[in-house]
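*Asks:* First to last, the protein sequences are chains V and S. So that you can map any letter, position 178 of the first sequence is 178 in our numbering, and since no number is skipped, the others follow by simple counting. So that you can map any letter, position 45 of the second sequence is 45 in our numbering, and since no number is skipped, the others follow by simple counting.
Since the hints were made in silico from the structure, they are not lab data. Hints may be right or wrong, so weigh each one.
Result set (PhoX-like, lysine-lysine): computed pairs, CA atoms no more than 20 Å apart in a straight line [as the list claims (entries may be wrong)]:
(1) V/LYS494 / S/LYS123
(2) V/LYS174 / V/LYS193
(3) V/LYS75 / V/LYS100
(4) V/LYS390 / V/LYS367
(5) V/LYS245 / V/LYS193
(6) S/LYS47 / V/LYS280
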Amino acid sequence: MKEYDVLIIGGGVTGAGTARDCALRGLKTLLVERHDIATGASGRNHGLLHSGARYAVNDPESANECIVENMILRKVASHCVEPTGGLFISLPEDGLDYQKKFIECCAKAGIKAEAIDPKEALRLEPSINPDIIGAVKVPDASVDPFRLTAANVLDAQLHGADVLTGWEVVDFIKETVTVLGVKLRNIYTGEVKSVLSHYTVNAAGIWGAGIAEMAGAHIGMLPAKGSLLVFGHRVADMVVNRCRKPANADILVPGDVVSVIGTTSDKVPFDQCDDMRVTKEEVELLLREGCKLVPSLATTRIIRAYAGVRPLVASDDDPSGRNVSRGIVLLDHSKRDGIFGFITITGGKLTSYRLMAEKTTDLLCSKLGVERTCQTAVLPLPGSEKEKRKPSHSVVVEAAFGRQGTRVAEMDFSGKGSELVCECEQVSRAEIAYAVKELNVKTLDDLRRRTRVGMGTCQSTFCLRKAAAVLAEELGTPDKADALLKDFIQERWKGIMPVCWGDQLREAEHMRKEYGK
Amino acid sequence: MKYDVIIAGGDSADVKIAMAALQAGKSCCLVAEGRLSGEGGRNAFAKAGGVLLLGDRISSVEWAEDGSVAAVHTANLDDERLVASVYVLAAGRFFTRGLVSDMQGISEPVFGTDVQFEPDRSKWCVEDFFAPQPFESFGVITDEDRHPLKNGKAIVNLYAAGEILAGGVDNIEEICRRIISA
Numbered sequence: 001m002k003e004y005d006v007l008i009i010g011g012g013v014t015g016a017g018t019a020r021d022c023a024l025r026g027l028k029t030l031l032v033e034r035h036d037i038a039t040g041a042s043g044r045n046h047g048l049l050h051s052g053a054r055y056a057v058n059d060p061e062s063a064n065e066c067i068v069e070n071m072i073l074r075k076v077a078s079h080c081v082e083p084t085g086g087l088f089i090s091l092p093e094d095g096l097d098y099q100k101k102f103i104e105c106c107a108k109a110g111i112k113a114e115a116i117d118p119k120e121a122l123r124l125e126p127s128i129n130p131d132i133i134g135a136v137k138v139p140d141a142s143v144d145p146f147r148l149t150a151a152n153v154l155d156a157q158l159h160g161a162d163v164l165t166g167w168e169v170v171d172f173i174k175e176t177v178t179v180l181g182v183k184l185r186n187i188y189t190g191e192v193k194s195v196l197s198h199y200t201v202n203a204a205g206i207w208g209a210g211i212a213e214m215a216g217a218h219i220g221m222l223p224a225k226g227s228l229l230v231f232g233h234r235v236a237d238m239v240v241n242r243c244r245k246p247a248n249a250d251i252l253v254p255g256d257v258v259s260v261i262g263t264t265s266d267k268v269p270f271d272q273c274d275d276m277r278v279t280k281e282e283v284e285l286l287l288r289e290g291c292k293l294v295p296s297l298a299t300t301r302i303i304r305a306y307a308g309v310r311p312l313v314a315s316d317d318d319p320s321g322r323n324v325s326r327g328i329v330l331l332d333h334s335k336r337d338g339i340f341g342f343i344t345i346t347g348g349k350l351t352s353y354r355l356m357a358e359k360t361t362d363l364l365c366s367k368l369g370v371e372r373t374c375q376t377a378v379l380p381l382p383g384s385e386k387e388k389r390k391p392s393h394s395v396v397v398e399a400a401f402g403r404q405g406t407r408v409a410e411m412d413f414s415g416k417g418s419e420l421v422c423e424c425e426q427v428s429r430a431e432i433a434y435a436v437k438e439l440n441v442k443t444l445d446d447l448r449r450r451t452r453v454g455m456g457t458c459q460s461t462f463c464l465r466k467a468a469a470v471l472a473e474e475l476g477t478p479d480k481a482d483a484l485l486k487d488f489i490q491e492r493w494k495g496i497m498p499v500c501w502g503d504q505l506r507e508a509e510h511m512r513k514e515y516g517k
Numbered sequence: 001m002k003y004d005v006i007i008a009g010g011d012s013a014d015v016k017i018a019m020a021a022l023q024a025g026k027s028c029c030l031v032a033e034g035r036l037s038g039e040g041g042r043n044a045f046a047k048a049g050g051v052l053l054l055g056d057r058i059s060s061v062e063w064a065e066d067g068s069v070a071a072v073h074t075a076n077l078d079d080e081r082l083v084a085s086v087y088v089l090a091a092g093r094f095f096t097r098g099l100v101s102d103m104q105g106i107s108e109p110v111f112g113t114d115v116q117f118e119p120d121r122s123k124w125c126v127e128d129f130f131a132p133q134p135f136e137s138f139g140v141i142t143d144e145d146r147h148p149l150k151n152g153k154a155i156v157n158l159y160a161a162g163e164i165l166a167g168g169v170d171n172i173e174e175i176c177r178r179i180i181s182a
């Protein structure tokens, strides 16, 4: 007895988007995630909704995909996107030759790229390096990948999909050459169970190589580590890019109350993918290069460093992984490897996740004989519906609206609900209660990905005790507050360690005094 | 102004030393930016006749020829010479700016005393948040009598007390005794 039409492995944005698309087309769907949603590359990137301009010169196909998806997501995921606009600036050492080619290629890819006077660029974004010799305005935007993933998961569930977080695939159930399902193990309890499905989709990002291996297929993947730094202020209001051949640390993205600079690109071994660390050298490189874009970064507190692994599919032997195509890779393993009932979706990027999901679901529907067209390009995600709404006078209600969009209507701000828990990000008890009820939250780290609790300038130093107590209470396990707190702070510490000097060392000492003993 | 004791405060135990000085019949001035300083004992100190310069910090130091401290000035009382028989550096660690750090290293900003720290920045913290952190044992180097060293030479009328001391030694009681008998 097959329980599901489709079983999707991986709770990143691609898996979540595929689950939503499948559910919307009436397929009986299960999404399985080992840890929590957006814990891999989906949550470890710039949070940049690419206009495609960055790829225009080297990869016109990806560039065009980006601009099309960018325009779609502004509409269907409006509560996750901040339309900041972006600049590509040329420094004296870059010259203007690249800019000329860049504008031409953007035009060919359908990206509106407008050269503006450096003075005008400085007026639009006063934080950029005043030495610039050229600037191009593009429709880049900032996107919250956690929110985007959570909204896709939520909509999948609202349309009947089941979601299992904290369940790891430990084996495939196969009958000769056909995948019938998977064996799962609960990472918290160790419980093991089997799930059967007509089709299994591998959307596990870089970990997809291992998943495919387990199913008997080989995908040559190239783990390319990208490190980023988070600054304690919104130093710029626009996305700032360097107008040159893509290189290290040439994009600065504002996101909520902070800014992110990145990235590096280095090939790493597979066994490091589960525990990415940012090195001292990477921190120094990011800071040195970042200051050329926005000089005030030199005097801005760095609150955190993190790294993700790009799931690039190896197409040549470029050691940096930077020149590999960022294109979408959809593998039908029945044609490729003679393994039936098994599909891999990989490559691509955050901006093109919806298209990746659409292509995957199209393939699934054709195999299952379902004739329903994709609606995700027009149907708003939960939170992004166009509704006439009267703004509230309450700061916490508006902050919750900013993050959860129209879902704010599901929250109860009466009584204790309006209590402020996280001051940096203005997260209320009502929003936490909602996240626990609707968004599969088990830990403080899960809660952080849904609500930004502890992601602001204090990195949870001020609110942690309260946040842990409130979450424990909402989960119905008030005695677990201390355990929740300890797990969370240990995870935060990992990102603080590489940038622990200056004011951040002061903050770290404060954190230790508050929670270390 | 002349005092028996001037304390560059900030450490949560700075007021203990200040109170000990007052109780021994000495005049005492405590300079502190606030934050953790005193932890509630400040009012008792002021009531007992201590001079509390709160929200202020020692901004410059006059040095005698023998390398001892001749006088200090604060940010708010820049034109005032504050002179004492004994000075105490109890400014706490990083949070209270008793020590300051950048990507290159760590220094003590008030008297510019010698600081012991790990030169490799990537070893300032350890993985386990709940374990003692190496940066918590960085601090001012002193001689046996708790006089901080500056370029290897002891500053004879200055004591270092509390967290700012290298090695994380709790020497508050000891400094109280030394001040009383000074």
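*Asks:* Now tell me if each hint is right for this structure.
*Replies:* Hints, verified against the model:
1. Distance check on the hinted pair: V/LYS494 and S/LYS123 sit about 13 Å apart at the alpha-carbon level, within 20 Å; holds.
2. For the hint linking V/LYS174 to V/LYS193, the alpha-carbon distance of about 15 Å falls within 20 Å, and the restraint holds.
3. Proximity of V/LYS75 to V/LYS100 is assessed by CA-CA distance (about 31 Å); at most 20 Å being required, the pair is judged violated.
4. A C-alpha spacing of about 46 Å is found between V/LYS390 and V/LYS367, which places the hinted pair above 20 Å, so the restraint is violated.
5. Distance restraint check for V/LYS245 and V/LYS193: the Cα-Cα separation of roughly 49 Å exceeds the 20 Å cut-off, and the hinted pair is therefore not satisfied.
6. Restraint check for S/LYS47 and V/LYS280: not satisfied, since their Cα atoms lie roughly 50 Å apart, outside the 20 Å limit.
The structure fails to meet hints 3, 4, 5, 6 from the earlier list, while all remaining hints are met.
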